[in-house]
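Now for the letters of each chain:
Protein chains: 2
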Amino acid sequence: MDLLDKRRLLAPGPVPVPPKALLAMAQPTMHHRSPQFSEILSDVREGLKFLYQTEDPVLIFASSGTGAMEASVANLLNPGDEAICVVGGKFGERWVEICQAFGVRAVPIEVEWGRAVEPEQVEATLKRHPLARAVFVQAHETSTGVKHPVKELADLVRERETLLVVDAISALGVYDLPVGAWGLDVVVAGSQKGFALPPGLSFVSLSSRAREAMEKATLPRYYFDFRRELKAYARSTTAYTPAVSLILGLKSVLDRLRQVGLERLFAHHRCLSEATKKAMEALGLELFSQAPCETVTVVRVPEGVDGLELVKRLREKYGLTIAGGQAQLKGRIFRIAHMGYQNHFDVILAVAGVEMVLSELGYKVELGRGVAAAQEYFLKEGIS
Amino acid sequence: MDLLDKRRLLAPGPVPVPPKALLAMAQPTMHHRSPQFSEILSDVREGLKFLYQTEDPVLIFASSGTGAMEASVANLLNPGDEAICVVGGKFGERWVEICQAFGVRAVPIEVEWGRAVEPEQVEATLKRHPLARAVFVQAHETSTGVKHPVKELADLVRERETLLVVDAISALGVYDLPVGAWGLDVVVAGSQKGFALPPGLSFVSLSSRAREAMEKATLPRYYFDFRRELKAYARSTTAYTPAVSLILGLKSVLDRLRQVGLERLFAHHRCLSEATKKAMEALGLELFSQAPCETVTVVRVPEGVDGLELVKRLREKYGLTIAGGQAQLKGRIFRIAHMGYQNHFDVILAVAGVEMVLSELGYKVELGRGVAAAQEYFLKEGIS
Chain R
3 MDLLDKRRLL APGPVPVPPK ALLAMAQPTM HHRSPQFSEI LSDVREGLKF LYQTEDPVLI
63 FASSGTGAME ASVANLLNPG DEAICVVGGK FGERWVEICQ AFGVRAVPIE VEWGRAVEPE
123 QVEATLKRHP LARAVFVQAH ETSTGVKHPV KELADLVRER ETLLVVDAIS ALGVYDLPVG
183 AWGLDVVVAG SQKGFALPPG LSFVSLSSRA REAMEKATLP RYYFDFRREL KAYARSTTAY
243 TPAVSLILGL KSVLDRLRQV GLERLFAHHR CLSEATKKAM EALGLELFSQ APCETVTVVR
303 VPEGVDGLEL VKRLREKYGL TIAGGQAQLK GRIFRIAHMG YQNHFDVILA VAGVEMVLSE
363 LGYKVELGRG VAAAQEYFLK EGIS
Chain B
3 MDLLDKRRLL APGPVPVPPK ALLAMAQPTM HHRSPQFSEI LSDVREGLKF LYQTEDPVLI
63 FASSGTGAME ASVANLLNPG DEAICVVGGK FGERWVEICQ AFGVRAVPIE VEWGRAVEPE
123 QVEATLKRHP LARAVFVQAH ETSTGVKHPV KELADLVRER ETLLVVDAIS ALGVYDLPVG
183 AWGLDVVVAG SQKGFALPPG LSFVSLSSRA REAMEKATLP RYYFDFRREL KAYARSTTAY
243 TPAVSLILGL KSVLDRLRQV GLERLFAHHR CLSEATKKAM EALGLELFSQ APCETVTVVR
303 VPEGVDGLEL VKRLREKYGL TIAGGQAQLK GRIFRIAHMG YQNHFDVILA VAGVEMVLSE
363 LGYKVELGRG VAAAQEYFLK EGIS
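Chains R and B supply the protein sequences, listed in that same order.
Here my numbering runs 2 ahead of the position in the first sequence, where the first position is 1.
Here my numbering runs 2 ahead of the position in the second sequence, where the first position is 1.
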């Protein structure tokens with residue numbers, strides 16, 4: 003990355019970080035047990051509650067999102083418990099893998115990749131497995147761009163002895179997910195997505211029901227032990243050394259988001275997402291997701307085009323990193339993210355880049371047509 | 003922290019970070035699956051092997067050191083296994099707590115706080131518990147400043163079916179710990195100590211014996227699963243999203259340390275440590291550790307002085323953060339660290355600060371006497 007090698011990052015995490023947050027993280031390190039840091043931590047926790055829209059405590063871990071997913075299994079369940087996992091992509095599979103690693107009997111609800119789970123499927127599974135302790139789901143599947151009906155699932159579990167655990171790693175801060183109003187028991191997030199920070203922090207909100215389950219759960223945990231963290235939380239500190247510099251970045255971002263407000267924040271991502279989706283359709287491309295989320299635009303690679311080459315060429319020749327497909331979708335889709343430090347012109351350049359590479363790979367594309375569709379959207383709806 | 007509020011950090015982690023590393027971490031985030039990042043990761047892994055003095059793979063986790071300690075238990079042992087833990091301070095206790103959290107039967111060797119374990123104690127315990135799968139020990143106890151005889155313990159376990167797991171979180175990069183030559187099975191380190199980086203990364207080296215044990219171990223693990231990480235390691239990547247910005251800082255530091263060389267690096271810390279210890283003795287103060295390490299100087303609070311007030315006043319009035327005692331040593335000791343981005347003048351100012359605060363708290367101290375002892379040491383031995 004230098005004068006003649008400018009790179010841009012529009013993948014679904016990590017995401018571009020605002021320079022102000024980068025510089026906040028470049029401050030000299032401070033001691034994690036100092037009153038100064040405790041104050042920052044308390045402030046940041048209020049900011050997290052704001053973004054989560056909840057009064058529940060939100061814990062912070064030094065780990066990537068997967069660590070917080072593991073924590074949500076290990077802190078709530080017992081060996082041999084049943085847990086329902088919605089599996090409609092790579093991250094749904096991860097819930098199953100974690101359950102299995104911890105001796106929890108995962109009951110997968112297999113959903114076709116590209117489609118959302120139906121609340122009725124979950125309801126029927128809950129009836130067949132009335133002792134299931136938890137339902138694990140993604141707010142959306144980042145591997146497919148599909149939004150799951152989280153609110154409806156929360157309504158289903160509320161009257162039961164079942165917890166709803168939501169992987170919102172790439173949802174929190176991108177679109178509306180009112181954790182308090184919907185009564186979501188456990189919601190997991192990560193720094194390198196909607197928070198527009200580098201990876202290395204994960205977050206977990208805990209409802210009172212979740213905190214009760216935590217007290218009784220017998221699966222082994224130590225580093226990710228919610229009980230220890232909640233005790234430390236009450237003293238404005240953390241159980242183990244926190245990732246100080248990332249938390250300084252977190253403060254910078256949360257301060258700004260509290261100024262901006264949630265409405266404008268969500269409208270911003272919706273605008274970027276909609277403009278990109280319109281542009282892809284204008285190019286005659288097909289969106290993969292049947293229930294598209296605002297985090298990422300997932301596009302089918304058209305017949306005859308090498309999807310791996312498309313992503314590779316965008317990165318190597320044009321300096322633009324988007325994502326391809328994972329696992330069974332490898333080479334079949336590409337994914338443009340709308341998270342982090344980006345605005346309308348990032349949409350324009352991403353669309354332009356896709357047009358150029360499709361053209362190079364022999365796909366018939368009218369150059370500028372997708373760009374024009376995005377421009378029209380911005381002119382009509384306003385920029386965010 | 004501003005023009006009129008300059009703060010300095012001389013606690014045993016977090017430590018001052020070199021500006022070059024701070025700026026490296028302030029670079030725009032890059033994608034963790036890009037060839038550019040893979041190259042950095044490969045380079046950093048070579049740097050870790052250099053610092054560890056081993057050909058064993060050294061894994062990197064996004065977590066604080068405790069996470070890697072937990073990983074060393076969960077990846078090597080089975081439920082109900084016996085494990086010997088050397089307990090001579092707060093971090094020895096942590097080994098016991100982690101074992102207990104995971105259903106491992108901890109066999110503690112209680113050592114008086116301030117003293118090192120005797121190899122004979124470990125040998126006798128190994129004889130009484132011949133099935134013990136592992137010995138868990140600290141390279142030194144940061145809570146007391148005591149170095150344990152790691153090399154001798156390695157010699158004891160080598161001929162047995164027992165692994166030696168060393169918490170070197172605040173030892174690696176500070177003093178000589180030749181992992182390969184001594185045959186240490188698992189060595190844990192953390193970014194916010196000898197690496198002079200902010201907290202958020204942990205490291206684990208794995209001998210071939212440890213990798214064998216890992217294959218058979220049945221304790222549950224997912225985020226910290228060594229098997230997954232080793233598979234990813236072979237492909238120059240990580241199993242889950244790594245803490246990209248911290249790894250950019252790591253590259254900056256390791257590049258520099260490879261230039262400097264280990265001999266000069268260790269001499270540097272030894273010099274700072276020796277000068278501080280001489281200064282404390284010149285003030286008539288007593289060192290707490292019977293087997294002092296180079297990482298930290300641990301000093302008994304003299305009779306009649308309020309040890310909590312000493313640390314607090316240094317921080318609040320003089321802007322200098324050192325550490326007090328933990329648990330049973332609270333108020334009874336203070337600790338000045340010699341890690342991170344510091345040199346001879348940091349020793350001078352720390353000693354001067356201690357002199358001033360002791361004087362304020364009514365302890366008879368000849369101002370400048372400790373400083374002079376440090377100066378004499380530097381003049382005689384040279385600065386590092």
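Heads up, some of the hints might be wrong.
Result set (BS3-like, lysine-lysine): computed pairs, CA atoms no more than 30 angstroms apart in a straight line [unchecked claim]:
1) K22/B / K8/R
2) K314/R / K332/R
3) K8/B / K253/R
4) K253/R / K51/R
5) K366/B / K382/B
6) K153/B / K129/B
7) K8/B / K366/B
8) K92/R / K233/B
9) K233/R / K332/B
10) K314/R / K8/B
11) K149/B / K92/B
12) K8/R / K233/R
13) K253/R / K8/R
14) K314/B / K8/B
15) K253/R / K253/B
16) K253/B / K319/R
17) K233/B / K332/R
18) K51/R / K92/R
19) K22/R / K92/B
20) K233/R / K92/R
21) K149/B / K253/R
22) K92/B / K218/R
23) K314/B / K253/R
24) K22/R / K8/B
25) K153/R / K22/R
26) K8/R / K253/B
27) K92/B / K233/R
28) K332/R / K149/R
29) K233/R / K314/B
30) K153/R / K129/R
31) K51/R / K218/R
The hints are simulated quantities; they were obtained by calculation from the structure and are not laboratory data.
Open item on the list: Please verify whether K92/R and K233/B have alpha carbons no more than 30 angstroms apart.
Closed with: Holds, at roughly 18 angstroms.
Open item on the list: Hinted pair, alpha-carbon criterion (30 angstroms max): K233/B, K332/R. Please report holds or violated.
Closed with: holds (20 angstroms)
Open item on the list: With the threshold set at 30 angstroms, check whether the alpha-carbon distance from K314/R to K8/B stays at or below it.
Closed with: violated (48 angstroms)
Open item on the list: Next pair to validate is K253/R with K51/R; report whether the Cα-Cα distance is within 30 angstroms.
Closed with: holds (13 angstroms)
Task: Proposed proximity, K366/B with K8/B (alpha carbon, max 30 angstroms) - done: holds (28 angstroms)
Open item on the list: What's the verdict on K153/R and K22/R, does the C-alpha distance respect the 30 angstroms limit or exceed it?
Closed with: violated (35 angstroms)
Open item on the list: Next pair to validate is K153/R with K129/R; report whether the Cα-Cα distance is within 30 angstroms.
Closed with: Holds, at roughly 19 angstroms.
Open item on the list: Check the hint pairing K22/R with K8/B against an upper bound of 30 angstroms on the C-alpha distance.
Closed with: holds (21 angstroms)
Task: Satisfaction of hint between K8/B and K314/B, Cα-Cα up to 30 angstroms - done: holds (16 angstroms)
Open item on the list: Given the hinted pair K22/R and K92/B, is their Cα-Cα distance within 30 angstroms?
Closed with: violated (38 angstroms)
- [ ] Would you check the hint for K233/R and K332/B, treating anything up to 30 angstroms between C-alpha atoms as holding?
- [x] The given pair, whose Cα atoms are some 20 angstroms apart, holds under the 30 angstroms limit.
Open item on the list: Please verify whether K22/B and K8/R have alpha carbons no more than 30 angstroms apart.
Closed with: holds (21 angstroms)
Figure legend: structure checked against the earlier numbered hints; hints not met, in rising order: 10, 12, 19, 20, 21 and 25.
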